[in-house]
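With the numbering used here applied, the sequence shown corresponds to residues 166 to 349, in that order.
Just so you know, the hints here were simulated from the structure itself, not pulled from any lab data. Any given hint could be a false lead.
Unchecked claim - Distance condition first, Cα-Cα at most 30 Å in a straight line; then the derived BS3-like pairs of lysine-lysine:
#1 K291 / K233
#2 K291 / K185
#3 K291 / K172
#4 K233 / K178
#5 K172 / K271
#6 K178 / K226
#7 K172 / K196
#8 K257 / K291
#9 K306 / K226
#10 K185 / K226
#11 K291 / K178
#12 K226 / K196
What the hints assert, rightly or not - Here are the computed distance ranges between Cβ atoms for each label pair:
#13 V181 / K271: 27 to 33 Å
#14 S238 / K306: 28 to 34 Å
#15 D266 / N169: 22 to 28 Å
#16 I167 / E199: 15 to 21 Å
#17 T279 / S184: 17 to 23 Å
#18 N187 / K307: 30 to 36 Å
#19 K307 / G205: 22 to 28 Å
#20 E199 / E240: 26 to 32 Å
#21 H241 / K271: 32 to 38 Å
#22 D246 / E199: 43 to 49 Å
#23 T213 / K306: 31 to 37 Å
#24 G180 / S264: 32 to 38 Å
#25 E199 / M249: 35 to 41 Å
#26 E247 / E199: 45 to 51 Å
We put the CB at the ideal spot given by N, CA and C, even for glycine.
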Amino acid sequence: MILNSAKEIFDIKQGVMISKRNLFDVIQFSKVPESPYYDGPDFVIGNTPQQGINWIRSGEKTRAVVIKTRPGSYEHDGWLDETMTAYNYSFKARMDVISYDEIANKVLLEQPQTGYPILLFTDRGKNWYFEGLFAVASIDKKFVTLERWANIGDVQDADDWSLPEGRRTYVTHIGLLPVSWTPR
């Protein structure tokens with residue numbers, strides 16, 4: 166598949182390959198009004214250089230997260246088992262220090278409360294393979310566990326999104342955390 170504009174990223178189907186060059190161009194030029202990849206301010210893709218995580222925002226509201234990963238690149242990254250329904254993804258760090266306030270990590274921490282999709286791509290040589298839509302299922306001190314969207318039975322819509330966690334919903338549980346919360 167070839168993406169011709171930033172908003173086409175929402176049309177990708179699971180199992181599709183996109184060239185690394187094409188996805189790079191879409192991400193880089195989604196911010197440039199003169200670019201053919203620019204679809205307006207609601208489809209600007211933000212990024213952190215060389216960290217493999219991007220976010221699509223409309224003003225201050227995150228619409229989606231794009232993760233490009235090479236399983237095993239970081240200590241905790243990779244599929245949990247052969248079913249490939251859950252993927253551990255490490256928080257981004259600078260000189261081995263994780264800042265949960267950095268936007269690359271914040272968009273992961275805020276996902277359970279807001280319900281935007283996480284688009285997961287894995288490395289396939291010169292291409293990125295689209296694994297599908299994911300959501301944050303759990304948060305650890307150094308990584309999040311992403312679960313396939315289709316496997317999360319309690320996903321309704323972005324305004325009413327929750328995950329079961331014991332007798333509480335994940336959103337309720339997160340809501341009880343103090344402002345200075347640090348993942349376990």
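So, going through the hints one by one against the coordinates:
1. Proximity of K291 to K233 is assessed by CA-CA distance (about 13 Å); at most 30 Å being required, the pair is judged to hold.
2. Taking the CA atoms of K291 and K185, the gap is about 6 Å. The hint holds against a cut of 30 Å.
3. At roughly 22 Å between alpha-carbon atoms, K291 and K172 fall within 30 Å of each other, so this suggested pair holds.
4. With a C-alpha separation of about 16 Å, the suggested pair K233 and K178 falls inside the 30 Å cut-off, and the hint holds.
5. Taken as a hint, the K172 and K271 pair is honoured in the structure, with Cα atoms around 22 Å apart against an allowance of 30 Å.
6. Of the pairs offered as hints, the one joining K178 and K226 holds, with about 24 Å between alpha carbons and a cut-off of 30 Å not exceeded.
7. A distance of roughly 12 Å separates the Cα atoms of K172 and K196; the hinted pair therefore holds under the 30 Å criterion.
8. Distance restraint check for K257 and K291: the Cα-Cα separation of roughly 24 Å lies within the 30 Å cut-off, and the hinted pair is therefore satisfied.
9. Distance hint between K306 and K226 is fulfilled; the C-alpha atoms sit about 25 Å from each other, no more than 30 Å.
10. Between the alpha carbons of K185 and K226 the distance comes to roughly 27 Å, so the proposed pair stays at or under 30 Å and holds.
11. Simply put, K291 and K178 have alpha-carbon atoms about 19 Å apart, close enough for the 30 Å limit, and the pair holds.
12. Restraint check for K226 and K196: satisfied, since their Cα atoms lie roughly 16 Å apart, inside the 30 Å limit.
13. Checked against the given bound of 27 to 33 Å, the beta carbons of V181 and K271, roughly 28 Å apart, stay inside it.
14. Taking the beta carbon of each, S238 and K306 are about 19 Å apart, not inside 28 to 34 Å as hinted.
15. A C-beta distance of roughly 35 Å is found between D266 and N169, which places it outside the suggested range of 22 to 28 Å.
16. For I167 and E199, the Cβ-Cβ distance of about 20 Å falls inside the hinted range of 15 to 21 Å, so the restraint holds.
17. Look at T279 against S184: about 30 Å separates their beta carbons, and that is not inside 17 to 23 Å.
18. The given range of 30 to 36 Å is respected by N187 and K307, whose C-beta atoms sit roughly 31 Å from each other.
19. A hinted range of 22 to 28 Å is violated for the C-beta pair K307 and G205, which are about 36 Å apart.
20. Between E199 and E240 the CB atoms are about 41 Å apart, so this pair departs from the stated range of 26 to 32 Å.
21. Taking 32 to 38 Å as the suggested C-beta distance range, the pair H241 and K271 does not conform, at roughly 19 Å.
22. A hinted range of 43 to 49 Å holds for the C-beta pair D246 and E199, which are about 46 Å apart.
23. Separation of T213 from K306 is about 20 Å and departs from the stated range, judged on CB atoms against 31 to 37 Å.
24. G180 and S264 have their C-beta atoms about 35 Å apart, which keeps the hinted 32 to 38 Å range intact.
25. At roughly 40 Å, the beta carbons of E199 and M249 sit within the given window of 35 to 41 Å.
26. E247 and E199 have their C-beta atoms about 46 Å apart, which keeps the hinted 45 to 51 Å range intact.
The structure shown violates the earlier hints numbered 14, 15, 17, 19, 20, 21 and 23.
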